[in-house]
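Chains as they are written, first to last, in my numbering: chain A, 406 to 759; chain B, 9 to 330; chain C, 72 to 390.
Treat the hints as calculated values from the structure; they're not laboratory data.
All C-beta atoms in this analysis are idealised placements derived from N, C-alpha and C, irrespective of residue type, glycine included.
Don't take every hint at face value.
[Stated by the list, open to error] Listed next, the stretches of chain C that the computed footprint assigns to chain A, with coverage defined by at least 3 CB atoms under 8 Å from CB atoms of chain A:
(1) 100-112
(2) 173-180
(3) 196-205
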Amino acid sequence: MENENFDRDIKATIKKNWRLFKQSRLGMTGLGIVVFFGFLSILQPLLFLTGIWDEGIYHPVVGYDAEKVGRTIVECPTQYPTKEYQQEGDCPRVDEVNIRYLKAFNIEGEVGEIYESNVQPAPPSSRHILGTDSLGRDIFSQIMEGSQVAFVLGLISAIIGVGISTLLGTAAAFYGGVLDTYLMRQSDLVLMLPTLPFLFIISAFAELQIWHLAVVLGTIGGLGGSVITVKSQALQVKVKPFVDSARITGGSKRRIMFSHILPNVAPLALLFMVFSVTGAIASESVLSFLGLLNIDMSWGIMIYLAQAEGFIFTGLKYWWLILPAGLSVTLLAGGFYLVGRGLDDVFNPRLRRR
Amino acid sequence: MSKALLEVKNLSMHYDTMEGNVDAVKNISFEVNSGESFGLVGESGCGKTSVAMTLLQLQPDNSVITQGSIKLDGKELIGLSENDLRKVRWDSISIVFQGAMNAWNPVIKIGEQIREAMREHYPENTKQENMNKIIELFRMVGLDESTTDRYPHELSGGMKQRAVIALALSCDPKIIIADEPTTALDVVIQDQILNEIKKVQDLLGLSLIYISHDIAVIAEMTDKIAVMYAGSIVEMGPTKDVFKNPIHSYTRALLDSTPSIRGEKKKLKSLDGEPPSLINKIEGCSFAPRCPNRDTECNPSEHMRLVEVNPDHFADICSQGK
Amino acid sequence: MADNLIEVRNLVKHFEVSKSLFSRNKKIVKAVDGISFDIKAGETLGLVGQSGCGKTTTARSLCLLDPKTSGNINFYNPDSQNMESFDNINEDGLKTFRRNIQMIFQDPYESLNPRWTIKDIIKEPLDIHNIGSLSEREEAIIEILRTVGLTPPENYLGRYPHEISGGQRQRVSIARTLVMKPKFVVCDEPTSMLDVSIRISIMDLMLNLAKELEVSYLYITHDLAVARYMCNRIAVMFNGKIVEIAETEELLQNPIHPYTKRLISSIPIPDPSFNREKYLINFDELDKIISNNPDEKMVDIGGGHFVATHNTKEFFIES
Numbered sequence: 406m407e408n409e410n411f412d413r414d415i416k417a418t419i420k421k422n423w424r425l426f427k428q429s430r431l432g433m434t435g436l437g438i439v440v441f442f443g444f445l446s447i448l449q450p451l452l453f454l455t456g457i458w459d460e461g462i463y464h465p466v467v468g469y470d471a472e473k474v475g476r477t478i479v480e481c482p483t484q485y486p487t488k489e490y491q492q493e494g495d496c497p498r499v500d501e502v503n504i505r506y507l508k509a510f511n512i513e514g515e516v517g518e519i520y521e522s523n524v525q526p527a528p529p530s531s532r533h534i535l536g537t538d539s540l541g542r543d544i545f546s547q548i549m550e551g552s553q554v555a556f557v558l559g560l561i562s563a564i565i566g567v568g569i570s571t572l573l574g575t576a577a578a579f580y581g582g583v584l585d586t587y588l589m590r591q592s593d594l595v596l597m598l599p600t601l602p603f604l605f606i607i608s609a610f611a612e613l614q615i616w617h618l619a620v621v622l623g624t625i626g627g628l629g630g631s632v633i634t635v636k637s638q639a640l641q642v643k644v645k646p647f648v649d650s651a652r653i654t655g656g657s658k659r660r661i662m663f664s665h666i667l668p669n670v671a672p673l674a675l676l677f678m679v680f681s682v683t684g685a686i687a688s689e690s691v692l693s694f695l696g697l698l699n700i701d702m703s704w705g706i707m708i709y710l711a712q713a714e715g716f717i718f719t720g721l722k723y724w725w726l727i728l729p730a731g732l733s734v735t736l737l738a739g740g741f742y743l744v745g746r747g748l749d750d751v752f753n754p755r756l757r758r759r
Numbered sequence: 009m010s011k012a013l014l015e016v017k018n019l020s021m022h023y024d025t026m027e028g029n030v031d032a033v034k035n036i037s038f039e040v041n042s043g044e045s046f047g048l049v050g051e052s053g054c055g056k057t058s059v060a061m062t063l064l065q066l067q068p069d070n071s072v073i074t075q076g077s078i079k080l081d082g083k084e085l086i087g088l089s090e091n092d093l094r095k096v097r098w099d100s101i102s103i104v105f106q107g108a109m110n111a112w113n114p115v116i117k118i119g120e121q122i123r124e125a126m127r128e129h130y131p132e133n134t135k136q137e138n139m140n141k142i143i144e145l146f147r148m149v150g151l152d153e154s155t156t157d158r159y160p161h162e163l164s165g166g167m168k169q170r171a172v173i174a175l176a177l178s179c180d181p182k183i184i185i186a187d188e189p190t191t192a193l194d195v196v197i198q199d200q201i202l203n204e205i206k207k208v209q210d211l212l213g214l215s216l217i218y219i220s221h222d223i224a225v226i227a228e229m230t231d232k233i234a235v236m237y238a239g240s241i242v243e244m245g246p247t248k249d250v251f252k253n254p255i256h257s258y259t260r261a262l263l264d265s266t267p268s269i270r271g272e273k274k275k276l277k278s279l280d281g282e283p284p285s286l287i288n289k290i291e292g293c294s295f296a297p298r299c300p301n302r303d304t305e306c307n308p309s310e311h312m313r314l315v316e317v318n319p320d321h322f323a324d325i326c327s328q329g330k
Numbered sequence: 072m073a074d075n076l077i078e079v080r081n082l083v084k085h086f087e088v089s090k091s092l093f094s095r096n097k098k099i100v101k102a103v104d105g106i107s108f109d110i111k112a113g114e115t116l117g118l119v120g121q122s123g124c125g126k127t128t129t130a131r132s133l134c135l136l137d138p139k140t141s142g143n144i145n146f147y148n149p150d151s152q153n154m155e156s157f158d159n160i161n162e163d164g165l166k167t168f169r170r171n172i173q174m175i176f177q178d179p180y181e182s183l184n185p186r187w188t189i190k191d192i193i194k195e196p197l198d199i200h201n202i203g204s205l206s207e208r209e210e211a212i213i214e215i216l217r218t219v220g221l222t223p224p225e226n227y228l229g230r231y232p233h234e235i236s237g238g239q240r241q242r243v244s245i246a247r248t249l250v251m252k253p254k255f256v257v258c259d260e261p262t263s264m265l266d267v268s269i270r271i272s273i274m275d276l277m278l279n280l281a282k283e284l285e286v287s288y289l290y291i292t293h294d295l296a297v298a299r300y301m302c303n304r305i306a307v308m309f310n311g312k313i314v315e316i317a318e319t320e321e322l323l324q325n326p327i328h329p330y331t332k333r334l335i336s337s338i339p340i341p342d343p344s345f346n347r348e349k350y351l352i353n354f355d356e357l358d359k360i361i362s363n364n365p366d367e368k369m370v371d372i373g374g375g376h377f378v379a380t381h382n383t384k385e386f387f388i389e390s
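Please model the complete structure; the sequences and the hints are all you need to start from.
In structure tokens, the structure reads:
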């Protein structure tokens, strides 16, 4: 009965709520960002499957593509200024290579000859629209891979978290007493727990895969403050006359909790879910950046690699190694947050403009 | 007859909403003389609160006044700047809302809050002068002097509402608008508050605009009433006249559906249907779909228009048929 | 007495309220403090009083929503044809009881689950008590919708509460309440939030259904004018106690207790040419006298008119 009920319910409310959501400019902006990254993460496997992209070249982890550049071999003078070079540091020029460096690597060559070398990281070109990293891997492909990781992590942890907090919050409101007290104290404890240091400790003991992290983040989120908020909402629903009415008729506790209270706290839970995605994406980046996650590729890892190889300190000379990944994290996390704000307008009629 | 203190002419206002325009006030006109109490009665959603808000120029941002004028003491209110309006509000016209008793700031003493409002309007008064006046007002509405030193949560609903009336009186207005001031209160407390309002009105010679859905309260409180339905005034006249000789079918339906504890217990008559939604533009008589006397000679496609049926007693043209 | 449906004897309901977060002193609020009344089959009893006087607490205790502190509630069990006490009710008795006592709430916007359709809302009691087959339930729903004046019923089945008006919602509440043909319905100000023109139609509907389905009501209201229209008898409640109980017209014409007099004198009359006589009392004084006489007995002054025996002259004050 409840299922059939639910389907129709969902259809009707979605229609109405979508209209309200469209009113929120922030929400629509956020939705645009989320849809854009969603599109990116689906696009990558499609490009591989259709053969438009060669996995050997474009694979985000094991792909390799070198860009050849010819450079004139020169011998840099010992004293400046000379006719060609004004001061030390001018030699070698961009299209030149100092013969002393070649010698150091035991490479044969004479002054005046052309030496062909690979440029890594290569700047954006028509072949790699966001350039390659220092290992010759395509940045754009990595961004797409990272967006898959972000979605998987964000959504799994959000669903786990919201599931836990909705169930526990509703149960605390409904049964009260010892269970309530226990759950509330537990929430206080989890709230006080500093999440990042806690994750450091976990990753020191176990190699964290992405879905491990999703479960851990979801559980921490689900046991924390959201239980308290869901509980307060459920308490409001619990004293509504329609719940009394079901009790007078003799409805069982299970029926009242699952048919009456849960559906009425669901919108709030959905809101939480969207907001907690933001937190999960941000946490992932921080952990990856610190090298604490055992995953192949993510936005955090991209920044980590750029940092580990020293490119992060070169200002914006190697911008394609840092900016795309950094912006992606910021945009997607912000995008989910904005969607949450839009949903807030829908679910909290207080804020709703007439 | 003395010159009208408040003169509303052909006022129309609608709200601009997602679903379309809500015609909340449609071409209404009325006058309130000084010292007179004027009642505005109608069901929820008939536009009576919108009228009150428009009189104070406090209507929400999405409202649009399409026509009409509101003249207070001969001065036009529509189009005044916010600064000039602030002087008019409270100084000449003030309001007691339905939920006003819950609008007190919980962390400031009641007396302090009223003094705050007075300071804005009487910057030259000393603190003691203002305080004396507040105490005088409190006595007038039946509150003890010590109440000025209490926090809102220490007072009962009735006491808070009395203090709201004192606040409304604090800047010597000429007109008070009371928008369902007793709806959330018990009958006994309602009775007390109504008494205070009447007493204060007599004492200070104020004009009163009393807005309510309860026709029994209106009967006791007012000299003149206007019955509103779907944004229009359908009947207006001296209260005694309208009650004794109601012309419009809606007025009669309202009177027939109000139970009383006095007189013979009679079968009450209910009205079929529901008030129309104001979102859909209503052509012609908005009451026609529910009108029990529809089949008489009235013309439902005719626009609502007030006609003088008795001296000072106006009714909608729709009722002219009978 | 076989014709009583409900007998309430010395019903007491106290709430414990801790004074502050840290103090261990419990303050006891005597919401209902020893009230007794009977409701006969087919009769409507009005329970009138100020907010906070214990009307709603009484209703909730009667519906077994909140456990009572002490006292006795007896209920006529149509299965065993006996009066049965709530205290020693068995599983079967409880089921019968749940089927026969229902409640209609004040707020038509809060009393229906906003996420359910009208059909599911009305069907829930039938589902809980497993009455009839699925198609029989469907028929019962359509029939009851027609009975409460929501026609054609098919138009309402699939709709949500927010899609219909306040008056229609209250009709749905009534339909849900009556779909199991209960014997006794507690009405907690069912019309106070409705518009005047709709209120009467709901009240008339309830009166008609009472006759048709032989339902008794306990009708809670703060408005004596409404109570007069709806009720055969009226009980006046003040601070958790019933101070006067009588046939409706007798109570209105011949009130004895000062609180009843005060209540009656504060009802506005929809007649501008009538001047109400004010009857003022000192509530603090009245409160003191009542709480100083906890074992106050109700005295029958004839014709089923009971009144609490305070010395009425003591707290009569001139206006």
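Tell me, in ascending order, the numbers of any earlier hints that this structure violates.
Hint 1 alone not satisfied by this model.
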